[in-house]
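Guided by the hints, dock chains B, C and D onto chain A, whose structure is given.
There are 4 protein chains.
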Amino acid sequence: MNSEIKLLKPFTPSKLTLVCGLPGIAYIGKLSVDYLIQQLKAELVGEVYSVHFPPYVIIKEDGTVELLRNELNLFHGEDGQDILFLSGNAQSFSPEGQYEITERILDLAVEKGVSRVYSVAALVTDREFETPSVFCAATSPALLEELKARGAQPLNHGMIGGENGLILGLARKRSIEGACFMVETHGYQTPTGEYIIDPRAAKVALNMLTQVLNVKVDMEPLEKQAIQMDEAVAKMAEIERKVRDEMTQAGKKPSYVT
Amino acid sequence: MNSEIKLLKPFTPSKLTLVCGLPGIAYIGKLSVDYLIQQLKAELVGEVYSVHFPPYVIIKEDGTVELLRNELNLFHGEDGQDILFLSGNAQSFSPEGQYEITERILDLAVEKGVSRVYSVAALVTDREFETPSVFCAATSPALLEELKARGAQPLNHGMIGGENGLILGLARKRSIEGACFMVETHGYQTPTGEYIIDPRAAKVALNMLTQVLNVKVDMEPLEKQAIQMDEAVAKMAEIERKVRDEMTQAGKKPSYVT
Amino acid sequence: MNSEIKLLKPFTPSKLTLVCGLPGIAYIGKLSVDYLIQQLKAELVGEVYSVHFPPYVIIKEDGTVELLRNELNLFHGEDGQDILFLSGNAQSFSPEGQYEITERILDLAVEKGVSRVYSVAALVTDREFETPSVFCAATSPALLEELKARGAQPLNHGMIGGENGLILGLARKRSIEGACFMVETHGYQTPTGEYIIDPRAAKVALNMLTQVLNVKVDMEPLEKQAIQMDEAVAKMAEIERKVRDEMTQAGKKPSYVT
Amino acid sequence: MNSEIKLLKPFTPSKLTLVCGLPGIAYIGKLSVDYLIQQLKAELVGEVYSVHFPPYVIIKEDGTVELLRNELNLFHGEDGQDILFLSGNAQSFSPEGQYEITERILDLAVEKGVSRVYSVAALVTDREFETPSVFCAATSPALLEELKARGAQPLNHGMIGGENGLILGLARKRSIEGACFMVETHGYQTPTGEYIIDPRAAKVALNMLTQVLNVKVDMEPLEKQAIQMDEAVAKMAEIERKVRDEMTQAGKKPSYVT
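Residue numbers (my numbering), protein chains in the order written: chain A, 114 to 371; chain B, 114 to 371; chain C, 114 to 371; chain D, 114 to 371.
Each pair may be met inside one copy or between any two copies, as identical chains are not told apart.
Restricting the straight-line Cα-Cα distance to at most 30 Å, the calculated cross-link-like pairs of lysine-lysine (BS3-like) are: (1) K355 <-> K173; (2) K286 <-> K173; (3) K119 <-> K286; (4) K225 <-> K154; (5) K355 <-> K337; (6) K119 <-> K173; (7) K286 <-> K355; (8) K261 <-> K355; (9) K128 <-> K154; (10) K316 <-> K355; (11) K225 <-> K329.
Calculated directly from the structure, the hints in this document are not laboratory data. Computed from a predicted structure; not experimentally measured.
In isolation and in its complexed conformation, chain A is listed as follows (with noise of 0.2 Å):
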């Protein structure tokens, strides 16, 4: 393999839709979407694996190993609209990683007839706010027009990375739609430079996307949930950490951490 998705049951959606939740700057996308996911009891369908992932197996809760990697979970809307979320624990370090993964994921959201990608990040800001803002940007004025109507609010420059930011522009060059939710967060990092997650941020988030989506979910468990996801995520976060330092000491200890 390099980069494959395995699937784990066939499926046929309908109106298919694709949202981006993978992890990045407050983990906004990842929490959001995870609590979609969770709250929607969407189905596992397909994993994502990549020889650009970095080169770790996590130890789950059960004591058992698994490669990082990316999932794909399969919700059948009610109005006959079906939703496939991407999310997972790890994006590539290198842009040719990131490249790769974000077209075989396309590759197969084509295939299962897609019609929309939305994704959801992050946008750093120092301004104060009550409630954080959802800014947009979109593969075309048509669509930010739409999102518009929904209280986003659409930016005129700017940038976005990763898998989160690639989908959009690959998308764009298939003449698939899409858009970004970017939602405000002061990002916020620890002393040893790791990124606070904003499950404020992810609430935010979650509003938007639940009217997009024309879903519904609890809000209520959010709160109690946000405090179990912080501990997914710190968990998350040290792996995070321990690659990190091991990427950036390769060249002072050994590169074998066993």
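Here is chains B, C and D on its own, set in the frame of chain A:
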């Protein structure tokens, strides 16, 4: 895709010259070539995509997203000589990527019958000058003589990096003639390390390019343009800074920037 | 070649177990697996070469040179259970290389009918202890129970990097059972950042390995061996340090070390 | 192309020996091999290009540009023994590139019937000496004995990096005999970290090479040559420094140097 050129329309140029102005120190190449494209109303005929470009999408003024890419713009000269301009908002970070992208572009140019390649670059100097001088290097002594007659001073040592340099080396390997114009600049940088654009050097480059390309452009709006370009380039510098920060801190912060 | 296994002789093992002890923190895996190879007089049946290994040759005691590589040694157990030991003097630096090499080894093991994979790694801890504990992670809860009965304590979080970790994740993906033993070590480093070998931890790993592999080895010469291995590993640490310096200073000195 | 050898003319050597002197510490290999090429008037028969070389073109004294590359020069010995000299102005930065380039060169050499490979490298030492000693490592004990008889001292540990080392390891893997001569040098560096060329060590290497290759060269002009080469190498050191700065600052300044 790995690196690919998406042709937007078929074209059959005559007596084709390829002119490269990709972003680099002081943006001399990019400024002068973008100006030519604009003034000559050269037509966008191809887009160059690559997994080797930094993994970002940029948000444009209209709120839409776009992959980082290079572009090919074609100009039909009145004298029956056509010009293909290569510009863009990115270069690859890896040697392999720079070679591959440059080769793909040269493949297309050769297929279209290219007979000469020009590129524009910066020559960073401490020398005080009123007007920056234009230096040159070429694929053959004969072409050097020709350019000397036009006022460019041949260099006898040094190196040229990135696509603006590689395209000449790879052209020579294929027996295609070409030259690089290097305009003096002080290579000033902002405190955070970004190069400051040098429109004065770009103007000198333009004077040379219009001569060798036998085209006429209104130099009048250049100063005004320079200011506008300043903004455009500032935006690109922002991209660059973000990508750079990303890369530098790959080991310190999540590489997953969203 | 990209990554290849050079088989030195054909072999048809029965009930094959793969045991990985590649160099890592404190060299616990390498020390224990090399000791087993030596004591069991396991036979060298294959060499693993890869363009992803550091680009060096080592000079051996007899003055001859050898590429960095991994090795496969086969032991025919008296109980009809065969063991293939994976050891070596290097791991790849890149994620892509680590995945690729591990996959190639697993390809061969699967072809030879492997039914279980063990690996040995370090668990760096600040805890004071008389005897280091053995922790474990596995591909299935059932195997974890089995190992718990033998005295290994399941971990419920963390990660395992490099080939010793990847081999389990990739084994699980192929529905092959496996486990990693992680022995506590303080992970002491020399002032220049090299890990100090930990033969005491290796002995603990050996005790566990001999149990699960159902082999008997004379533990007597271990202390003496440890000293000899010390020298061998010191030599390897020298390799590592040189490679490391090389990599760190790639930007400061010629990368061309001869 | 990925890595390719452009043959400039067909040649059918007899009893071929390959001699490698690529740039490295103190430039001992490059100095001695370039001197042999010049004195023996060996003929340029091939150029080695690779996407793994640093992405630069160099500007030569005549103002023309040239890709970084390795070169193959052929010398027809009077005793019916032909010699193919490998030299050049660059080595790849990546392990994958170094392996690939070395394999391509060895592929050609094997096709041409090569029976022996020599390379020259530096052995950095703190030892005070009048005349630097020549050490050696080889693919077989038999060859070591032969070289010992000529005054080279076998090493029993250490490593050899880059193409000068890999070519021996890869030769051994193909059952081709070979040896590396390592000449003592103090490995002095300039304040900015460049290695200073060591013509005295190169002279010692030359004495050994002329013996084993059974060629005679006028050692007279060596001192004068050394000075000329000094300039040539200084130019190469400039290339190296620029590439190095580039790489080091890839995260700090535009990687787009033009």
